[in-house]
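A.B. asks: Please take these sequences and the hints and turn them into a complete structure.
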Amino acid sequence: MTATRTVIGLSRLLVLVPVTLCATISFPDSGFNFEDSLKCNDRRSPPQTLAQCRYDSDCMENAYCWSQKACYCKEDYVVYRNRSNVFCLKVANNIEDSCVADVQCHVTFTPHSECRNNICQCSSAAHFVNGRCYESIGLGRICQTNHNCYVKDSYCVGGYCVCDHDQHSNPERTKCIKNAYLGDTCNNDYECVSENTRCMEICRCKVDYVLSEDGTRCLKAANAVGEACQENSQCREFLQNAFCENGVCTCVPEFHRRGPVCAKDVELGQICVSHNECVTQTYRDSNSIEPMNVQCLEGTCTCAKDYIMSTELGDCIRYSESGATNWQAYGILSLIVFVNVSLWILQKTTEA
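Here the sequence shown stands for residues -22 to -1, 1 to 330, where the numbers follow mature numbering (1 follows the signal peptide of the UniProt record, and there is no 0).
Quick caveat, the hints were computed from the structure, so don't treat them as lab data. There may be inaccurate statements among the hints.
Restricting the straight-line Cα-Cα distance to at most 30 Å, the calculated cross-link-like pairs of lysine-lysine (BS3-like) are [what the hints assert, rightly or not]:
id	residue 1	residue 2
1	K242	K283
2	K130	K156
3	K198	K242
FRET-style restraints, in silico, Cβ to Cβ [to be verified]:
id	residue 1	residue 2	range
4	I120	A202	45 to 55 Å
5	V135	V230	42 to 52 Å
6	G137	D192	32 to 42 Å
7	G204	E245	19 to 29 Å
8	K184	R151	20 to 30 Å
9	Y33	G116	47 to 57 Å
10	N40	H143	42 to 52 Å
Keep in mind that this is a model prediction, so the values were computed, not measured. In this text, a Cβ means the ideal position worked out from N, Cα and C, and glycines have one as well.
C.D. replies: Below, the structure written as structure tokens:
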């Protein structure tokens, strides 16, 4: 803002008229236009609402008579109106300059400033930076310029206040903290940024999670055979004799699934500890732990109740399955009865 005095010739009388020039300032690099917040209406030729005049002496204090028509405030003074009077007040140039009205602060420090306790200060929702008062914007909230983001190491990115690269917000969104990855030292759980991690002096995987083979991720550990997996370690944290195959935890060779675990294969007649170990040709993997056609009896895998061993099949089958089925047996019996009755009738007929 500059001021000049233009010389105008009227007959043989020279009149020096002060002229105030004003320009609205914008800052392209910040993406914020101050046109609305730094209006120049107090530094350009003010609206003709002041007293009419012919001479400077006709005007109020700190004003001059412009073109012998109206009183305007002098350079570095601003118009202030209350209910009954109009004043020209000194514009504040420095924060904490004395004042009597907010408008004295607004010209230099933006409308986010105020006259409080007769000195210019930033409002309670603003902060002072680079000679101006900017609205204080917290982490995750909408912003217009980096100066809005008052949290240390935060910037306005994509219209929101975010922490600097390699930092993140604490849960309260009151400060930015350095990212801690798996194996890094830490003090609080929220410092650890890798998914499913917690702080135990260093960032480690949470309970029920295992470290990936490349050491960069925490994967959910499987609690039962058949659960989804990506790596073998997930099937070995809580399970034995299992590995990851085709995306699910599977029992290793010579072991079979019984309920949630893997049990060793023990065939009929071999020594066992639990009936879950016993297998036959038709009974191997099962989601249930209840005994089926085979059980561990007196330390040996034996056919269960109502089953007998078939040497030919090497399996345990129900009694009815050792010969004919129940329906077959009923049919044969019926045929025998029919034949016997027929023979008896034939015999009686012959005798007659």
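A.B. asks: Hint by hint, note whether the structure agrees.
C.D. replies: Checked hints:
1. K242 with K283: holds, 22 Å
2. K130 with K156: holds, 12 Å
3. K198 with K242: Answer holds: K198 to K242 is near 25 Å, not above 30 Å.
4. I120 with A202: 45 to 55 Å: holds, 47 Å
5. V135 with V230: 42 to 52 Å: 51 Å Cβ-Cβ, so the 42 to 52 Å window holds.
6. G137 with D192: 32 to 42 Å: For D192 against G137, whose Cβ atoms are near 36 Å apart, the range 32 to 42 Å holds.
7. G204 with E245: 19 to 29 Å: holds, 24 Å
8. K184 with R151: 20 to 30 Å: For K184 and R151 the Cβ distance comes to about 23 Å; the hint holds.
9. Y33 with G116: 47 to 57 Å: holds, 55 Å
10. N40 with H143: 42 to 52 Å: Hint holds: Cβ distance 51 Å, inside 42 to 52 Å.
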